Amino acid sequence: MMPLRRIKNSLAKIGIFTSLWLLVPLVAMASDAATKASTVSAKWGYLGAGLAVGASTIGAGIAVGLVGAAAMGAISERPEVAGRALIFLGLAEGIAIYGLIIAIMILGKI
Amino acid sequence: MLGLAFKYSYLNAKVRTIYSQRLKESDWRVLSHFGDQVSFVQYLKTTYYSRWINTIFQDAKRGSETFERQIYSSLFNDYLKIARNLKPAPKRLLMSMLSRYEAENIKTLLRAKKGGLSQKAVWHLLYPVESFSRINWEELWKSKDVKETMEKLLDTCFGPALAHALPQFEAQARLFPVEMALEIQSYRCILDALLAISCKKDRQMAKNLIGAFVDTKNVCHVARLRFLYRLSTEESLNYTYPGGLMLNLKRLHNVCRATSLQEFIDSLPVQLKEELHETQDLLGLKISMEQWLLKRLKKAFLGLPFHIGVEIAWLFYKELEIEAVIRLFGTKGTKHRIEIQKLIPKALLKEE
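Chain order of the listed sequences is G and U. Heads up, this note's numbering is the position in the first sequence plus 367, with the first residue counted as 1. Heads up, this note's numbering is the position in the second sequence plus 188, with the first residue counted as 1.
Don't take each hint at face value.
Only pairs whose alpha carbons sit at most 25 angstroms apart, straight line, appear in this in silico SDA-like list of lysine to any residue [to be verified]:
id: 1; chain 1: U; residue 1: Lys389; chain 2: G; residue 2: Ala436
id: 2; chain 1: U; residue 1: Lys461; chain 2: U; residue 2: Pro493
id: 3; chain 1: U; residue 1: Lys195; chain 2: G; residue 2: Lys476
id: 4; chain 1: U; residue 1: Lys395; chain 2: U; residue 2: Leu425
id: 5; chain 1: U; residue 1: Lys195; chain 2: G; residue 2: Arg373
id: 6; chain 1: U; residue 1: Lys233; chain 2: G; residue 2: Glu444
id: 7; chain 1: U; residue 1: Lys269; chain 2: G; residue 2: Ala452
id: 8; chain 1: U; residue 1: Lys212; chain 2: G; residue 2: Glu444
id: 9; chain 1: U; residue 1: Lys388; chain 2: G; residue 2: Leu433
id: 10; chain 1: U; residue 1: Lys195; chain 2: G; residue 2: Arg445
id: 11; chain 1: U; residue 1: Lys195; chain 2: G; residue 2: Gly475
id: 12; chain 1: U; residue 1: Lys301; chain 2: U; residue 2: Lys335
The hints are simulated quantities; they were obtained by calculation from the structure and are not laboratory data. Treat the numbers as computed from the prediction; the structure is a model and nothing was measured.
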């Protein structure tokens, strides 16, 4: 009859072997899944960053169009208001910069 | 909304900037204190009007007689400046608003022809319409008599009215019906141009402002016809301008039936009556009506800004401002001191 100690050792060996046998592929599989997941989230990240820059630039374009036209109208009648008009033009351009900042933050997380 | 914003952002900023350069309360106070016309004009040359009146009183030839007409160049310049940036339909509306001044010049021309006066004799009475008018004035001045002048005008916007008035003139040999026909036709042209505007918001705003302007004109005009020229109810009604906001034909009929100024004021709608409760004479009536109109015009500058109302309000505002300047200028040649409040509507004096 096999002593109890030997049986325990054998079981431990089998357990370790089985664990290794199971864990290695599992780790390998988990790593593969993680790579796949990060690729998908990166795709969304890139899309989000692109949207942030694109939409904010369109918004800024509309704002600059409106503010710029109004500024030209005012400056044509009173040239001394040119400085103040440029400030408002800068504020409109700021919209595009907000979008760019958000895009940089998204890209930093990927 | 975005489309309207793009359409009007440039123009509204331009008009609001011009509006900011209007005569302020301090200007009116200074102008009212001058004792003579020369000082009055010298001060006015330091304001927005300088460009158009800088030759007045520079030499003996161009003095007070030209001031009243030359100052209108400033208004016409604003009209053209705004019209340049508008689409065809609103542009046509503005140009038809200017046709009122063409009608005034035609009236002067017809009177000169009837009285046998030359262009040189009446040139100081003519509005400087050369910048926008399409009428061949040189050709008109070459006409031998009133009839030939009227016939030459048949292919203009005044044609339909003159075609109707010509037999009347030939039968009565009076210019008054012809003059009235010209005035009324200019308002009809405005109404036609107004209805041609496709944008609902623009049309509504223009209708409200022009309607209020026509009401003001009709009240002053009917009062003058009834109490100054003593015309009958029917004749007075016949000579009213079309396109009023509150005074439709039925109401105008009631107004024209009044036999005294008090009865006249009582027959007006409540909104107008409130403004006229202290009125005692025709000048007071005119000033009070202008006050009522100015309040409405100032409201056009509030709220959502992207519509033609801002432009029309400014042009009417400026027209009233010029009329007030001319009224004040007229008192400078006389020894009578009239209180500024009796000559200028409070809304022009008040800064907001």
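Going straight from one Cα to the other, do Lys233 (chain U) and Glu444 (chain G) come out at no more than 25 angstroms? With a Cα-Cα distance of about 17 angstroms, the restraint between Lys233 (chain U) and Glu444 (chain G) holds, given a limit of 25 angstroms.
Between Lys195 (chain U) and Arg373 (chain G), does the CA-CA distance stay at or below 25 angstroms? violated, 93 angstroms
Agreement of Lys301 (chain U) and Lys335 (chain U) with the hint, judged by alpha carbon distance not exceeding 25 angstroms: holds, 9 angstroms
Satisfaction of hint between Gly475 (chain G) and Lys195 (chain U), Cα-Cα up to 25 angstroms: violated, 41 angstroms
Pair hint outcome, Lys195 (chain U) versus Arg445 (chain G) [Cα-Cα no greater than 25 angstroms]: Holds, at roughly 21 angstroms.
Given the proposed pairing of Lys389 (chain U) with Ala436 (chain G), does the C-alpha separation stay at or below 25 angstroms? Distance of about 21 angstroms is within 25 angstroms: holds.
For Lys269 (chain U) and Ala452 (chain G), compute the direct alpha-carbon distance and say whether it is at most 25 angstroms. holds, 21 angstroms
Compare the distance between the alpha carbons of Lys212 (chain U) and Glu444 (chain G) with 25 angstroms, and conclude whether the hinted pair is satisfied. holds, 18 angstroms
Given the hinted pair Lys388 (chain U) and Leu433 (chain G), is their alpha-carbon gap at most 25 angstroms? Holds - the C-alpha atoms of Leu433 (chain G) and Lys388 (chain U) are around 22 angstroms apart, at most 25 angstroms.
Is the Cα-Cα distance between Lys461 (chain U) and Pro493 (chain U) 25 angstroms or less? Outside the cut-off at roughly 30 angstroms; violated.
Hey, Lys195 (chain U) versus Lys476 (chain G), does the alpha-carbon distance stay inside 25 angstroms? Cα-Cα ~42 angstroms, so violated.
Distance restraint between Lys395 (chain U) and Leu425 (chain U), which requires alpha-carbon spacing of 25 angstroms or less: holds, 22 angstroms
When held up to the earlier numbered hints, the structure conflicts with 2, 3, 5 and 11 and fits the remainder.
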